[in-house]
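Chains A and B are the protein sequences, given in the same order.
Using the numbering used here, you'd call the opening residue of the first sequence number 1 and step up by one each time.
Using the numbering used here, you'd call the opening residue of the second sequence number 1 and step up by one each time.
Quick caveat, the hints were computed from the structure, so don't treat them as lab data.
One thing to keep in mind: the hints can contain errors.
[As the list claims (entries may be wrong)] With a cut-off of at most 30 angstroms between alpha-carbon atoms, the simulated DSSO-like pairs for lysine-lysine come out as follows:
1. A:Lys342 - A:Lys365
2. A:Lys12 - A:Lys157
3. A:Lys365 - B:Lys111
4. B:Lys179 - A:Lys193
5. A:Lys216 - A:Lys365
6. A:Lys216 - B:Lys182
7. B:Lys216 - A:Lys182
8. A:Lys193 - B:Lys15
9. A:Lys342 - B:Lys15
10. B:Lys108 - B:Lys91
11. B:Lys216 - A:Lys193
12. A:Lys293 - A:Lys182
13. B:Lys228 - A:Lys193
14. A:Lys91 - B:Lys228
15. B:Lys15 - A:Lys91
16. A:Lys15 - A:Lys111
17. B:Lys228 - A:Lys179
18. B:Lys182 - A:Lys193
19. A:Lys259 - A:Lys228
20. A:Lys182 - A:Lys259
21. A:Lys228 - B:Lys365
There are 2 protein chains.
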Amino acid sequence: MVQRVSRLGELKQRKRLDAFLLTSQPSVKCFSGYFFNFETGPSPFQLLPAALVTVSNSESTLLIADTESHQLSTLRSGITVRSYISYTYDKPLDFERQFLIQLHDIIKEGKLQNARLGIEIDAIPAVITQSLHSRFPKIEFVDVTSEILLLRAVKDKDEIDLIRSSVALCDIGQMSALKNAKVGISELELFSKVRYEMESAAGSRIPILLDFISGKRTSASGGLPTNKTIESGDLVLSDLVPCLNGYWGDSCNTFVVGKATSSQMKAFDSVKEALQIGIDAVRPGVKAMQVDKLMRAHIGDFFHHGGHGIGTVYHEEPRIVPYNDIELVPNMVIALEPGIYKEDFGIRLEHSVVVTETGCEVLTKFNHCFDQYSI
Amino acid sequence: MVQRVSRLGELKQRKRLDAFLLTSQPSVKCFSGYFFNFETGPSPFQLLPAALVTVSNSESTLLIADTESHQLSTLRSGITVRSYISYTYDKPLDFERQFLIQLHDIIKEGKLQNARLGIEIDAIPAVITQSLHSRFPKIEFVDVTSEILLLRAVKDKDEIDLIRSSVALCDIGQMSALKNAKVGISELELFSKVRYEMESAAGSRIPILLDFISGKRTSASGGLPTNKTIESGDLVLSDLVPCLNGYWGDSCNTFVVGKATSSQMKAFDSVKEALQIGIDAVRPGVKAMQVDKLMRAHIGDFFHHGGHGIGTVYHEEPRIVPYNDIELVPNMVIALEPGIYKEDFGIRLEHSVVVTETGCEVLTKFNHCFDQYSI
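This is chain A alone, in the form it adopts within the complex (with noise of 0.2 angstroms):
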């Protein structure tokens, strides 16, 4: 059922690994469930929010932060749970020791004092990796970021199911930017009427990337809202990126608010005919350069990556990008991106898909539409 962490098995015995100690938030929340939230910063009160040790399909440890234990909703089953002190008011913060402690007994538990441990170098705090070393100096610490990167581009169903999950508020965003935008309108009061209708339908706060600009800025292809007010003529480029229970969806959509001109409108039909064309296009054994490269042939080159994997992470493997020959296979879930920048406006479109055995399905139900009085 839970093929990842099947894979993550054999990626152990591939690198003779005993275990990994994962760090990442994107690692930790596929392969453990756990996911907390990351919007404001890492917290003054933890080490980490969590790591997670991971021996085998059946031997597996969550550390977390004991504030974040009301989180556990998510969590994958067969996952002990331990909690380490984080936050106190009526003693010194001591949460680096508290981590730590905890951490070592989790190596002592599962005899891991001699492992070949698969670590993810780039996220894990040096303290970590330096107090096992002084603790148990047989530990070796073998990097496997760019394994795991590989590993999480294939989803399991229940993953797909989140993805989902996340690409229907995708589309009641883009539904929301479309009906509520107006001349005199702020690009900062739309986008908080979008994001007000996407939080209402997830039930909560979520993070979301996006873009979200108007007029003449649309030529930047990206960029945060402002208190610009969107005048009649504008272009709205919408670029919404939301992370509920842990996994992004992603989608965008061009519109005008107003009349467009005909060389706008010719624009939009050939991005529209590009990502049609790039949608045709995935299916298992392509290469991912040759999503990209029908793409660009049908609009001419624009200078960002056609797409990309969503998962834990909003850009992760498949890159549907000119040098990328890695090839699709199915639950792969990639979002296609082609645009058009021109020096006074830019178009991009952008629908998440699943690979499928035969081709793929594609996930957001939105369909781009330039002209908002036509939905």
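Based on these hints, arrange chain B on the given structure of chain A.
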């Protein structure tokens, strides 16, 4: 002028260091002025958004991801900026190596190959210390996390001004909550209006840490907004902690929608008195724990800190807690937040203040008021 950098120089002497390599977001902001948004978690295109190598008051190098170079408007003068290649689509991502190449060059050019280097060991990825150790085996790492925390507690004038701007957003948010709360609105919808008014005043999207709860849930002291609608007689607890240009503001109000019970009114008055007692106690030479004790003496114990420093992190020294014998000094900025939590409701009120030569100045201008119609 920038005394925090001079204090860094004193710390360097005291610990016999040759330089600092600072990697935590709050320290990079504090000592370089550079701020990056962290709302969507670590970037898949960066090892770190930024790292700061400081040798002396006049010799600092900020190493940033090249995609962040548009965010340099708040940089302190006299800092050399170098960037590393982070995002690429025409060739494979190589940000880890690119970061390390640049960092090695900075070490060589600064003649720091044999340096004692002050680091923040909880906030530096292991790949950086390992790579430096392997390339420059004579570099010695000295963890200065706790010293840096104390050093950041006293603010310079430019920092206090930034906190003032952030606190002004708190005032706007609290007025918005009072104004827009009504029977039938959901917590999420009310918060979306609050957030929009704060972001509109800021002119941009801003990170906001918050507790935003209503009704019985206020007895739990904290939590995020949900689809729960506000009923007549509900209390609304609104703790708003925005981050503007890297500095956090903090305020909390609790008010009733409709009519409060006499027990609630009494509790509100007591908490307001406790807050005033805390404010009156703040002056140079007073111990943090004394301020905490006075507030608890008035309203009884509550299960969180009585207050905390704010700055480039939303909770830092001086912590206003029972154990903390740190003495207050001018230009510390503190949020005080006493609370009463009963079985069916909770009330917390909070002001942000700056310690002056003779007492303190209250930065939050918002006047806590329990009845929304009396404003």
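Hint-by-hint comparison with the structure:
Taking the CA atoms of A:Lys342 and A:Lys365, the gap is about 28 angstroms. The hint holds against a cut of 30 angstroms. Using a Cα cut-off of 30 angstroms, the hinted pair A:Lys12 and A:Lys157 holds, with the two alpha carbons roughly 23 angstroms apart. A threshold of 30 angstroms between alpha carbons decides the hint, and for A:Lys365 with B:Lys111 the separation of about 58 angstroms lies outside it, so the pair is violated. A distance of roughly 18 angstroms separates the Cα atoms of B:Lys179 and A:Lys193; the hinted pair therefore holds under the 30 angstroms criterion.
This hinted pair checks out: A:Lys216 and A:Lys365 have alpha carbons roughly 28 angstroms apart, not beyond 30 angstroms. For the suggested pair A:Lys216 and B:Lys182, the alpha carbons sit about 39 angstroms apart, so the restraint of at most 30 angstroms is broken. Our distance criterion of 30 angstroms between C-alpha atoms is broken by B:Lys216 and A:Lys182, whose separation comes to about 39 angstroms. This hinted pair does not check out: A:Lys193 and B:Lys15 have alpha carbons roughly 52 angstroms apart, beyond 30 angstroms.
Proximity of A:Lys342 to B:Lys15 is assessed by CA-CA distance (about 56 angstroms); at most 30 angstroms being required, the pair is judged violated. As the CA atoms of B:Lys108 and B:Lys91 are separated by approximately 28 angstroms, the hinted pair is consistent with the 30 angstroms bound. With a CA separation close to 28 angstroms, the supplied pair B:Lys216 and A:Lys193 stays within the 30 angstroms bound. At roughly 36 angstroms between alpha-carbon atoms, A:Lys293 and A:Lys182 are farther apart than 30 angstroms, so this suggested pair is violated.
With a C-alpha separation of about 18 angstroms, the suggested pair B:Lys228 and A:Lys193 falls inside the 30 angstroms cut-off, and the hint holds. Restraint check for A:Lys91 and B:Lys228: the C-alpha separation of about 35 angstroms exceeds 30 angstroms, so the hint is violated. The hinted pair formed by B:Lys15 and A:Lys91 meets the criterion: a straight-line CA distance of about 27 angstroms does not exceed 30 angstroms. Our distance criterion of 30 angstroms between C-alpha atoms is met by A:Lys15 and A:Lys111, whose separation comes to about 19 angstroms.
For the suggested pair B:Lys228 and A:Lys179, the alpha carbons sit about 25 angstroms apart, so the restraint of at most 30 angstroms is met. Taken as a hint, the B:Lys182 and A:Lys193 pair is honoured in the structure, with Cα atoms around 19 angstroms apart against an allowance of 30 angstroms. Annotation: proposed proximity of A:Lys259 to A:Lys228 holds, straight-line Cα distance about 19 angstroms (limit 30 angstroms). Of the pairs offered as hints, the one joining A:Lys182 and A:Lys259 holds, with about 12 angstroms between alpha carbons and a cut-off of 30 angstroms not exceeded.
Proposed proximity of A:Lys228 and B:Lys365 is supported: the alpha carbons are some 28 angstroms apart, at most 30 angstroms.
Checked against the numbered hints above, the structure violates hints 3, 6, 7, 8, 9, 12, 14; every other hint is satisfied.
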